[in-house]
Amino acid sequence: MPAFHAHVEVTHLPGIADPAGATVERALPALGYTNVSQVHIGKTIGLIVDAPDADAARAQVLEMCERLLANPVIEAYDVTITAMEQV
Amino acid sequence: MSTRVGVVLFPGTNCEHDVVYAVEQLGGAAEIIWHGDATTKGVDAVVIPGGFAHGDYLRTGAIARFSPVMGAVSEFAAGGGPVVGICNGFQVLCEAHLLPGALQKNAGLKFLCETVELRVETTRSVLTSDARVGDVLRVPINHFEGNYVCDERTLAELRNDDRVVVRYVRNPNGSLDDIAGICSTERNVVGLMPHPERASDPILGSGDGVVLLESLLHAAAKGAKLPA
Chain Y
1 MPAFHAHVEV THLPGIADPA GATVERALPA LGYTNVSQVH IGKTIGLIVD
51 APDADAARAQ VLEMCERLLA NPVIEAYDVT ITAMEQV
Chain A
1001 MSTRVGVVLF PGTNCEHDVV YAVEQLGGAA EIIWHGDATT KGVDAVVIPG
1051 GFAHGDYLRT GAIARFSPVM GAVSEFAAGG GPVVGICNGF QVLCEAHLLP
1101 GALQKNAGLK FLCETVELRV ETTRSVLTSD ARVGDVLRVP INHFEGNYVC
1151 DERTLAELRN DDRVVVRYVR NPNGSLDDIA GICSTERNVV GLMPHPERAS
1201 DPILGSGDGV VLLESLLHAA AKGAKLPA
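Chains as they are written, first to last, in my numbering: chain Y, 1 to 87; chain A, 1001 to 1228.
Hints are not guaranteed to be accurate.
[Unchecked claim] The list that follows gives simulated cross-link-like pairs (lysine to any residue, SDA-like), each with its CA atoms no further than 25 Å apart: (1) A:Lys1110 / Y:Val73; (2) A:Lys1110 / Y:Tyr33; (3) Y:Lys43 / A:Gly1055; (4) Y:Lys43 / A:Gly1012; (5) Y:Lys43 / A:His1097; (6) A:Lys1110 / Y:Ile48; (7) A:Lys1110 / Y:Leu31; (8) A:Lys1110 / Y:Arg26; (9) Y:Lys43 / A:Asp1151; (10) A:Lys1110 / Y:Ile41; (11) Y:Lys43 / A:Asp1056; (12) A:Lys1110 / Y:Leu47; (13) A:Lys1110 / Y:Val79; (14) Y:Lys43 / A:Leu1109; (15) A:Lys1110 / Y:Ala54; (16) Y:Lys43 / A:His1218; (17) A:Lys1110 / Y:Ala83; (18) Y:Lys43 / A:Leu1112.
What the hints contain is simulated information worked out from the structure, not anything from laboratory work.
Here chain Y stands alone, though its shape is the one from the complex (with noise of 0.2 Å):
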């Protein structure tokens, strides 16, 4: 069966706090990057599943963020599937 690398990147949904981000936001200026906003942290999670084609995988790995990977109370998934190169 083909394998697939899955990239998934985890964040923060809309208007959850992220006191990390929040944290680091404020200590950039010290270091003299006054001009930047917005800051949010999250996470990135990387894993191969083999799957009969590329649609299987995603399929599979959206399901494995709802149930496990994300916490969909507090946090926003994005997916992106690769085919492995076939040794």
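Fit chain A to the supplied structure of chain Y, relying on the hints for placement.
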């Protein structure tokens, strides 16, 4: 026969013995329930204590939610059994959808370890039935992710249904609406960030947690069902 309280132990839990000790000091019987056992062992109440269940990897409580014991805890709660999550236990109950919302990193990103004042906001919960509304209790907090968040609709529901159980007198962590603890719609599942078991004897600096733990023991002895 004394009231039996099951204290759930995940890998990484570290407050289970404090809860066992406090329950026993108050005349209850406590027993540890291993997270891998899909049973609540017929206890009268369940406490999910503090710590770092499964290392808190990914998110606090995210992995713990899928431990075999959690299915049994959900069933116990659905049957009206009293369930209290303290600190990491609160985070686990939110991830398990037994309580709404989530706990985020503290505003200011500081790990907080101090005694705070809590105001009792309702007595209609398994953890506050013996207290009085407006009571101010001194209870320790010890957390990095105690900043409660939920969407606006959920917050409105919590307020309208009188489900905010305790609020911080002075908000230490950025928590929405000063929320320190909430309960489920049936009022038998309560989650809170402060540790009542660490305020269970004046020798610990405060005995103010006793009224909370006694409420739980009384609710458990009565078979939990509270007047709605």
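Status of each hint after checking the structure:
1. Our distance criterion of 25 Å between C-alpha atoms is met by lysine 1110 (chain A) and valine 73 (chain Y), whose separation comes to about 23 Å.
2. In summary, the hint linking lysine 1110 (chain A) to tyrosine 33 (chain Y) is supported, as the alpha carbons are separated by about 24 Å, within the 25 Å threshold.
3. For the hint pairing lysine 43 (chain Y) with glycine 1055 (chain A), the CA-to-CA distance comes to about 17 Å; that is within 25 Å, so the pair holds.
4. For the hint linking lysine 43 (chain Y) to glycine 1012 (chain A), the alpha-carbon distance of about 23 Å falls within 25 Å, and the restraint holds.
5. Between the alpha carbons of lysine 43 (chain Y) and histidine 1097 (chain A) the distance comes to roughly 22 Å, so the proposed pair stays at or under 25 Å and holds.
6. Restraint check for lysine 1110 (chain A) and isoleucine 48 (chain Y): not satisfied, since their Cα atoms lie roughly 35 Å apart, outside the 25 Å limit.
7. A distance of roughly 21 Å separates the Cα atoms of lysine 1110 (chain A) and leucine 31 (chain Y); the hinted pair therefore holds under the 25 Å criterion.
8. Our distance criterion of 25 Å between C-alpha atoms is met by lysine 1110 (chain A) and arginine 26 (chain Y), whose separation comes to about 15 Å.
9. The straight-line distance between the Cα atoms of lysine 43 (chain Y) and aspartate 1151 (chain A) is roughly 21 Å, inside the 25 Å bound, and the hint therefore holds.
10. Our distance criterion of 25 Å between C-alpha atoms is met by lysine 1110 (chain A) and isoleucine 41 (chain Y), whose separation comes to about 17 Å.
11. For the given pair, lysine 43 (chain Y) sits about 15 Å from aspartate 1056 (chain A) by alpha-carbon distance, which is consistent with the 25 Å threshold.
12. Between lysine 1110 (chain A) and leucine 47 (chain Y), the direct Cα distance comes to roughly 32 Å. Violation of the 25 Å bound is thereby established for this hinted pair.
13. A distance of roughly 31 Å separates the Cα atoms of lysine 1110 (chain A) and valine 79 (chain Y); the hinted pair therefore is violated under the 25 Å criterion.
14. Taking the CA atoms of lysine 43 (chain Y) and leucine 1109 (chain A), the gap is about 17 Å. The hint holds against a cut of 25 Å.
15. This hinted pair does not check out: lysine 1110 (chain A) and alanine 54 (chain Y) have alpha carbons roughly 42 Å apart, beyond 25 Å.
16. Among the hinted pairs, lysine 43 (chain Y) with histidine 1218 (chain A) is inconsistent with the structure: their alpha-carbon atoms are about 44 Å apart, more than 25 Å.
17. The hinted pair formed by lysine 1110 (chain A) and alanine 83 (chain Y) fails the criterion: a straight-line CA distance of about 42 Å is larger than 25 Å.
18. For the suggested pair lysine 43 (chain Y) and leucine 1112 (chain A), the alpha carbons sit about 24 Å apart, so the restraint of at most 25 Å is met.
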